[in-house]
Amino acid sequence: MYKYYCVFLLVCALAFAEEAGKGTCPESNAKQIEYYSKDLPLVILDYNDLVNRANLQALVATAYGQEGLGILLVRNVPGLKEKREELLKLARSLAYLTDEQKQEIEHPQSLYSVGWSHGKEKLAKDQPDFSKGSFYANPLTDDPTNGNREWISQYPSFYHPNLWPVNSLPQLQSAFMETGQLVHEIGKLIAYQMDQLVSSVRPQYVKGTLVDVVGTNLPKGRLLYYFSSDEMKKFNLGNTPHGTSSSTSQGSSREDNWCGWHNDHSSLTGL
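Count the sequence shown with mature numbering (1 follows the signal peptide of the UniProt record, and there is no 0) and you get residues -17 to -1, 1 to 254, in order.
In short, the hints are calculated from the structure, not lab data.
It should be emphasised that the depicted structure is a prediction, and the values quoted were computed from it without experimental measurement.
Among the hints, erroneous ones may be present.
[Stated by the list, open to error] Restricting the straight-line Cα-Cα distance to at most 20 Å, the calculated cross-link-like pairs of lysine to aspartate or glutamate (EDC-like) are:
1. LYS115 - GLU83
2. LYS115 - GLU214
3. LYS115 - GLU87
4. LYS203 - GLU83
5. LYS203 - GLU89
6. LYS105 - GLU168
7. LYS72 - ASP247
From just these sequences and the hints, can you work out the full model?
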């Protein structure tokens, strides 16, 4: 149903005043709210309303406030369908490169936060997660420091230049950058609405803070490929695909069989 929507997750809690955090939506906005469950509203914004800076504060409060789901959907995003489909096809092509080709774009010094990463994340009981492969890059610029070696050495996870498979999969770079830039641009439009909301109820809030945070040139883009159970067997990636680990087979429903517990370093995540 939401295949061609942009989805934005609020990762960091905002210091909303209680009255803003609860947020009520005018009757005219009711059509922009569906329900994930009986009591959890799922807010849908229109891309054109964001671009035109319509007053969407009540809807943003409903999505991201104290009683919200923490999710916003954005519809009618121009070019999203085509860009997403092209990039997702390349995710499989990337995962199917040879080990030697993928090793060329691995970067242990950044804790695998740049380039290709596979089997580096941990699940329950310290098990490596072989069921998904990740590719990380900055979608705005290949070198955010313009070659500042000191910064790159000190903060490689954020500042190290992008690593691309320029010989084995050259089309990945443009597809990744274009899709990431589109998502980032929408994130800035949402941040503007969040900024307007917080500043309206918190006089001490420095207006523009959220816009500045989301609008930096240091976003982190991540392209994921999930290996099927058959692929796991074919490539001998281990015997613990999602939902079939030893703990799950013994009746456990631990959530970290799917994703290990971790801290995100972002303020807004766009999918």
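Against the structure, the hints come out as follows:
1. Between LYS115 and GLU83, the direct Cα distance comes to roughly 18 Å. Compliance with the 20 Å bound is thereby established for this hinted pair.
2. Proposed proximity of LYS115 and GLU214 is supported: the alpha carbons are some 11 Å apart, at most 20 Å.
3. Note on LYS115 and GLU87: the hinted pairing holds, with a Cα-Cα distance of about 19 Å set against a maximum of 20 Å.
4. For a cut-off of 20 Å, the pair hint linking LYS203 to GLU83 is broken: about 25 Å separates their Cα positions.
5. Under the criterion of a C-alpha separation no larger than 20 Å, the hint pairing LYS203 with GLU89 is consistent with the structure, at around 16 Å.
6. Annotation: proposed proximity of LYS105 to GLU168 is violated, straight-line Cα distance about 32 Å (limit 20 Å).
7. Our distance criterion of 20 Å between C-alpha atoms is broken by LYS72 and ASP247, whose separation comes to about 26 Å.
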